[in-house]
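> Take a look at the letters that make up each chain.
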Amino acid sequence: MKILLITEQREGKWNNISFETLAAAQQMVQQTKGSLSAVVISKGVAALGDELAAFQLDEVLLVEHSLLEKYTPDGFSIALRQVIESAKPDLVLLPHTYQVRDFAPKLAASMGKGMIGDCIGYRYENNGLIFVRQMFQGRTSADVVFTGEGPWVASFQAGAFRADLAAKNGSGKVPVKPVPVELKAEQIRTKPLELFREAKQAVDLTQAPVLVSVGRGIKAPENIALAEKLAKLMGGEVSASRPICDEGWLPMDRQIGSSGQTVAPKLYLALGISGAIQHVVGMKASRTIAAINKDANAPIFEVADYGVVGDLFEIVPAIIEELEKK
Amino acid sequence: MKIGVFVKQVPAKDAPLAIVEGGAWIRENDISFETNEPDTYALEEALRLKEKHQGEVVAISMGPERSKQTIKEALAKGADRGIHVLDAEFYKLDPLASARSLAAAIKAENFDLILTGLQSDDHGFGQTGVLLAELLGRPHATIIMAIEVIGSGLKLKRELEAGWFQWVEIPLPAVLTIQSGINKPRYATLKGIMAAKKKEIATVDRKTLGVADAPTQHIERIYVPQKTKKTEFITGQPQEIAAKLIEKLKHEARVL
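Sequence lines, in order, name chains R and S. Okay, so the first sequence: first residue is 1 according to my numbering, each after it adds one. Okay, so the second sequence: first residue is 1 according to my numbering, each after it adds one.
Fair warning: there could be bad hints in the mix.
Unchecked claim - Ranges between beta-carbon positions, derived for each pair:
1. Glu194/R / Ala18/S: 45 to 55 Å
2. Met194/S / Arg123/R: 48 to 58 Å
3. Gly23/S / Gly150/R: 17 to 27 Å
4. Lys229/S / Asp204/R: 21 to 31 Å
5. Ser110/R / Leu190/S: 39 to 49 Å
6. Gln31/R / Ala24/S: 24 to 34 Å
7. Lys325/R / Glu220/S: 46 to 56 Å
Keep in mind that the hints were calculated from the coordinates and are not lab data. We put the beta carbon where it would ideally sit given N, CA and C, even for glycine.
For reference, chain S alone in the conformation it holds in the complex (with noise of 0.2 Å):
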């Protein structure tokens, strides 16, 4: 089987994050990044798919000269080889136009499967998958918590809301973005890490591809919310923290 996996860099999530004058994007200088954690489990069952029935891993993922790292995270942990598809200004892709250079990018490949994380840390659109899906002809399912491989298809417990899950079948070729806790992300190892210095990355420029992307939507501004509530903050050392939180959740909400 051969399975493209998307992954993609975002910033670390205990990043102090600022945001760039005019409110465009955040400041990257001083920050450190880290492959987006839904991306991981993708990787995951990728990797174990192909433990299983054979073929080949192979990680792509858009952004910055940055984003190499992601890809060699990827190639230490089991991936074959790697695409990075660079575009420095990214971040002003709308979704529709990140799912069609990526989809340009990897057309020629002609992926049996190919697995997204559900969404990423950063903006959070949650439409990958699903566009890459529709522009690559493909059927797809969504969050999904597990496979099993049954003749030319898959078998997929789709996660739905509130405790609630579907058993759905579908064939191959196809796009799946999987759910955050299917499994336990691996590891790489030391060995993994020396092979992956002599494992393939190719890098395609975003704007050679030749993608139309005239945004469908456009962010103005990204800002820091304004607070709904107030947070009353409780200071002090932690004895005087206890007493005065305990005091006030009785005497003052009332919930204890």
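The following block holds chain R by itself, in its conformation from the complex (with noise of 0.2 Å):
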């Protein structure tokens, strides 16, 4: 199967989610005995071009233009969609970023394709390739397959594979080509503007090492203080997921998941929080996990080491007057 990979940088530096991808990428091109290419797009990015052209695959694609350099929907579909009509790869990987959320199913749509999107792995069963994606929060999964012709186009999630895994070439470097594109600026619809930051994050969640972290479950904002009596117990921070965030009840720098925090303390403790894949992927990697959730199908509990079903409420003091009593 010939595959083409989209990796993403953004002013010169790589995202590193485009490595889990590759790896991902490696592993199907040898399994389906394929070839892999990877496109760098942008402008003045040879550099991360010569860097990339390191790993085990057949060629990189360079893919410069001077509209190019800010990231816009219309002139990355535009322009890869050439690169992948002289490319004609049978699937077309990218990383499952904001970015690729935003200009991916355009791209497909152009060309009359699909995508498969968000996925968190893949089987390679019968000659062919089946996606695995979540549904319902992460309540379920599903498995997905292609039909028609290619190019078919498919994300993975990030934390689907691991970037450490991505390889290396044995010996020197792979060729870079640079893939001329055709882009005209009336093309382009959107006018990207500045890049900032919000107001300097107050607390950095990834230096505590123990985090008690609420979800919807905790019901009302003056019920927070029962997880800050209980952070300050531990020696750790309060944080949330999205939701309590989005109703003021902590600022967004408490915020854990895809569009918070990243993090990975020794204990993750979670009140009430049900464990959709957006607030995953922020905390998965933390050493240990437990989870107190009314709901004993939450998904919260899919990545728990240690469990309980119950009313926080109840539980909550409990831990509470155990931690005060010695």
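If you follow the hints, you should be able to join the two separate chains into one complex; please do so.
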């Protein structure tokens, strides 16, 4: 199978998930006895192309144009469609980033093709690829296959593969081929302006050894104090899933997940967090995960080492009492 | 400004999910449904834009008969009318066929602005907004956290990853997908619920739209995932649970 991997960078720095998807692509190429081309797209990114050429693949395609320096969905879709039409891959693989969500469905549809997005893995069975993605907020999985002719487009979720397993070349570097694309300013309808961060982060959750994290199950803003008390006794910080920050019950810089911080504390204690994918990607690398939830089927228990099915308003006060005893 | 907002009806968050034999979909009997939460933010944003800049808000939903309830809720909150694209087997459609159907159903409306939630809590494809833009030939922007009307276009705050944002400008007509948390969705008032009863919901049978729904992908099977980690469940009275959990965290996991 001929695979085209589209990598992602911002302002000359790799988005590391590109190498996770590279590891997936290398594995698929091995299984299908295929070939792998990897695209670097922007402007002035030859150094990244050169770096990528040290990995185990067949070629690097360097797609540079002044109109691609800043990302736009129009620019990327038009340029990548030309790359796909000349490289003729069977499968286009991308890391499932916010940027990919923004352009990849459009790119696929512009060719009349479909995309299987946000996959957590795949299986190679009977000479075919079966993609696995989550549905119902992680409460179920689904096996999905492409139908009809390629090129097919698929993306892998952050953490689905390990970046450190992306294999380097045994000897030397593979060729880096510049691919010219035709692009006119009037084809690009969005005008990208500056990138910025909100007010400086007041708390760096990545440094906390223990996180007591609250989700919808905490029910009301006045109950956050309970989690704060527990966090203090455990020598940690309070964090939250997105809905809690959306409600304004905790500031946005306390949010864990794909749109917030990614953490790996010694202990992550999830209180009333169901464990939607967007949250789990931000905390699943924690050394120990304990979860308290009233729903025994909550997906948070998929990643928890210790689970308690019950009412957090009964159990948390008991834990506090237990810790205060000593 | 004429705004179309797409709202989907999905299983309630706490609904127990059971999968039908063969794994094609979930058992819909006996569970309750609600408006897809990300779409409630899109609806609220549409209503606020209308309040500020005048115009009309049309709520569109595709799904079986039950989906009409989600349109009614949008009307009760202040949408002016609804379009229900009826298809009892909507779950068999892939993202492209869904978007083609929705595009065909609303093409004649010529909306200035189309809003969708970020993704649905059932399929979770997260593609509908982007695909609608492509099929209708409109520009789009996704994961939007703020909308300002400037001249004949919009200035938008896009959320990127890891706490980064970006401002982008986009001409109208356009399609936006709205990030959850952009606003505080309102509740329907009693007055709104009464007023909604007089509002029009047009029903379009999806099969009459003449959309080729040759799928690009096929869901072979939906299933409950196998656990990758073995969870040790701690049971008992709250005091016993607390004592056991602390003991395990201190002496087994050694993280306290």
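> Hint by hint, note whether the structure agrees.
Taking the hints in turn, this is what the structure says about them:
no.: 1; hint: Glu194/R / Ala18/S: 45 to 55 Å; result: holds, 49 Å
no.: 2; hint: Met194/S / Arg123/R: 48 to 58 Å; result: holds, 54 Å
no.: 3; hint: Gly23/S / Gly150/R: 17 to 27 Å; result: holds, 25 Å
no.: 4; hint: Lys229/S / Asp204/R: 21 to 31 Å; result: holds, 27 Å
no.: 5; hint: Ser110/R / Leu190/S: 39 to 49 Å; result: holds, 47 Å
no.: 6; hint: Gln31/R / Ala24/S: 24 to 34 Å; result: holds, 28 Å
no.: 7; hint: Lys325/R / Glu220/S: 46 to 56 Å; result: holds, 53 Å
Checked against the numbered hints above, the structure violates none of them.
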